[in-house]
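Participant: Hints given; two lone chains; assemble the complex.
Protein sequences appear in the order of chains A and B. Quick note: the first sequence uses the numbering used here, first residue 1, plus one each step. Quick note: the second sequence uses the numbering used here, first residue 1, plus one each step.
Do not rely on the hints blindly, as some may be mistaken.
Stretch-level coverage of chain A by chain B, calculated; a stretch enters the list once three of its residues show a Cβ under 8 Å from a Cβ in chain B [stated by the list, open to error]: (1) 42-54; (2) 96-102.
Computed list of chain A residues with no C-beta within reach of chain B, every gap over 10 Å [claimed, not checked]: (3) Pro10; (4) Leu13; (5) Ser14; (6) Leu19; (7) Glu63; (8) Asp84; (9) Val108.
These are computed hints drawn from the structure, not numbers from a lab. Predicted, not measured: the structure shown is a model, and the values here were computed from it. Note that beta-carbon positions come from the ideal geometry of N, C-alpha and C, so glycine has one too.
Here's the letter readout for the chains.
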Amino acid sequence: GNSVTQMEGPVTLSEEAFLTINCTYTATGYPSLFWYVQYPGEGLQLLLKATKADDKGSNKGFEATYRKETTSFHLEKGSVQVSDSAVYFCALATDSWGKLQFGAGTQVVVTP
Amino acid sequence: DSGVTQTPKHLITATGQRVTLRCSPRSGDLSVYWYQQSLDQGLQFLIQYYNGEERAKGNILERFSAQQFPDLHSELNLSSLELGDSALYFCASSVAQAGAGAFFGQGTRLTVV
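Here chain B stands alone, though its shape is the one from the complex (with noise of 0.2 Å):
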């Protein structure tokens, strides 16, 4: 067990839909990154916060937003959901230092029909 905990594990919505994703850290790791993994793509980053505030952005769609809460959890929220955001998406959460590595949780996994 990780310690980190993500909600829903599975969730199957319709395209247009907009759904979101819950994570809650380890406790006392103050930030979160967001990852998306798919056969094609593999591991791809999202974005990161720290401690509230947004730190860094990857390969997020403007369709998809997130946000960390004062009591350190966060949501992935994706709208306007197209067949090709099917994926598995993880939160990992870390003291945020290059060399502690992070720590992820069991993952949501989306389908979009």
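Chain A extracted, bound-state conformation (with noise of 0.2 Å):
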């Protein structure tokens, strides 16, 4: 069956760090890759998405590469600020009615 495996958090980081969050998956077919973010409190926003090889998805500072070859879509930041202390979910969808299939999560800590 499909998959989404995340690296466990927490991941606590300074004000101005490089930011990776590691995603695999495991699926059939081509599917389309997205990530998401909670933040306290809130719903998930869905942050950025791919849907095919070598496609990059990018939004707010955030950057992510559809990696066929090696079946990732690692999540990346250059700078990250206090605000973008969260928990972020990669998922991925396969079937043609948009359901999608988390990962467990990552809460990301910045601090000052």
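Facilitator: Spelled out as structure tokens, the structure:
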């Protein structure tokens, strides 16, 4: 079956540090890949997405590249802020109805 | 603001009771998804409706049911509640294409006491 594996958190960083969150997937066919972010007490927000191999999704300084050869979709940001503290979820969708399957989530804590 | 509205935001109820969670999708979205988020199980897909018809079922208990109405709002009914049903329940909506992604509401936090 399909699955998404994310690095475990929490990831603790200082402000302006470089952030990487690893995400790998197992899927039949050609999934679309997503990163969602959940701020404390809120719902999930779509951060970025990629729908085919070598696509790069980007938003708010975050980037992720769809790597089919390594079945990965790692999230990166060059300089994090305290406001980036949140839980980040990697997800995939394989069926035409758009149902999402999520990883376990990675908590990121950015300190001043 | 995602455009997806869920009510109520919080719900506290006793074991054995029944509750109804409500979701209004984004304007133009025909598909509604329900997810359960708990500390031990993470985000679990429960069920999907598209334009009033059930399209996919995930790890939804038999005590739970859902429907989507002609105006496209959806309700998730949880009955014979147990302590373990305490969780955040999210509704999401989308245009139901693999690459579109989905937009989530703020969730309903259910506490069963």
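Participant: Please go over all the hints and tell whether each is borne out by the structure.
Facilitator: So, going through the hints one by one against the coordinates:
{"no.": "1", "hint": "42-54", "verdict": "holds (count 7)"}
{"no.": "2", "hint": "96-102", "verdict": "holds (count 7)"}
{"no.": "3", "hint": "Pro10", "verdict": "holds, 14 Å"}
{"no.": "4", "hint": "Leu13", "verdict": "holds, 23 Å"}
{"no.": "5", "hint": "Ser14", "verdict": "holds, 27 Å"}
{"no.": "6", "hint": "Leu19", "verdict": "holds, 21 Å"}
{"no.": "7", "hint": "Glu63", "verdict": "holds, 17 Å"}
{"no.": "8", "hint": "Asp84", "verdict": "holds, 19 Å"}
{"no.": "9", "hint": "Val108", "verdict": "holds, 16 Å"}
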